[in-house]
Amino acid sequence: MVWNPVPGGGGGSSFGWLSRRRTKHVLVLACVVLAFSIVGIVLIAKIDKSDTAYSLDTTWRRTAPDAKERYVRMIPRVIWQTVKSHEVPKLAYDAGGSWTHLNPTYDRIVLDDSEVLQFVKRFYNETEFDLFKSMPVGVMKADFFRYMVVYIHGGVYADADTINHKSIDEWVDSDCQFVVAPEDNDGFFCQWAFAAIPRHPILKRLVELIFEKLANGPDYSNPHFVHGVTGPAIWTIAIREVLGISPDEKLNPFILTDRAKTLRKDQGICWLTTKELVKALSNLSAHDNPAFVEVGWSNWFAEAGDLRKKLASETSNEE
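Residue 1 is where the sequence shown starts when you use full-length UniProt numbering, and the numbers rise one by one after that.
Mixed in with the good hints, there may be bad ones.
Below, simulated DMTMM-like cross-link-like pairs (lysine to aspartate or glutamate); rule was C-alpha separation at most 25 Å, straight line [what the hints assert, rightly or not]:
1) K133 / E87
2) K261 / D219
3) K121 / E208
4) K90 / E115
5) K213 / D94
6) K275 / D169
7) K213 / D258
8) K275 / D186
9) K279 / E241
10) K121 / D107
11) K275 / E212
12) K275 / D94
13) K204 / E87
14) K279 / D184
15) K275 / D258
16) K121 / D94
17) K261 / D184
18) K261 / E126
19) K265 / E115
20) K204 / D107
21) K204 / E183
22) K204 / D186
23) K275 / E115
24) K213 / D107
25) K166 / E115
26) K279 / E126
27) K90 / E126
28) K279 / E208
The hints are simulated quantities; they were obtained by calculation from the structure and are not laboratory data.
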C-alpha cells in the first residue's frame, strides 16, 4: 500500500508537521551561516584596513556649543584639514582623532585633492582656477587651499599630521579674529596651524599675492620656490604688510611688545608664543616620514627637487 497523505487527515497532519520542522531547521541553519559570513567579511575588512591605511573623514560635532556663543564668538567652530587621499596611515588617523576628541563642539572637515579642486572651482573664477591647477607641486595646492578655505568660511586650519594636545577653546579666545604664532626661527609665522574669521584682510591680501605670483610666472628653479610662492615666506609677508610690521622685526620679541598688545585689543589679532603653540599642538613632519609617503602622502621636498632637476635639464638641452 502506498501511503498518500490526505489533507486534514492524521497522515497529512504528521507529514506537514515534519515538513515544517525540517524547513524551520534549514532556515535557522541558513541564518547562522549567513551571520557568520557577515562577521567574517567585517573582520576581514577591518584586518585589511589596519594593515594598509585608515580612512580619515569629516567628523561632525558631537556636542552643541553654548547658545550665547552664537553672538559673542568670532571664529567659526570648524576645523579644516586636507589630505592627498582619505586613505592615510595610522599616525595621521590618530592625529585627526585628537582634534575630534578634544573639540566635541567643532565640525572637522577633511578634503582630499579632488575635493579641493571642486572647492576652488566653485568659489573662484576660471582664471584663478587655472592658476591654481598650474602649480606643479602638491604641497603648493595644499598651502594655497588652506588660505582660500579659511578666507571664504573662517575657522581653524591644521595640517592633517598635527596632533592636538589642548582644546581649541583653550588657545582661541572668543573675541579673536586672527590667531597666529611665530616659528621658532623668528623669520616666519607658522602656517601649519592658524585660525581666522571669514574674509579677514590678511587672508584676502595673501590670496591676492599668491595669484599675482602665479600669474607672473614663479621661478621654479629657485630652491625655496615653495616657501616663496605659497609657503611660510609669502604668508609672513602678507601678515607683515597688512599689520604694518617691519620686515626687519624679529617675530618672537614683537608679539610681546605694546604694539602687538594694541593689535590684540583693537583688531582681535591673537598671538601665540612658540612655547604656547607647541604645548597646544605638535607636528609629525609627515613629508619626511616614510610611513606617510608609502600611502601617497606628498613628499614635497622630493617633488620640488625633481622639478628643479627637470627644469635644469630642459635649460641645458636648449643651450
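Going through the earlier hints one by one, which of them does the structure break, listed in rising order? 2, 5, 7, 9, 11, 13, 16, 18, 19, 23, 24, 25, 26, 27 and 28
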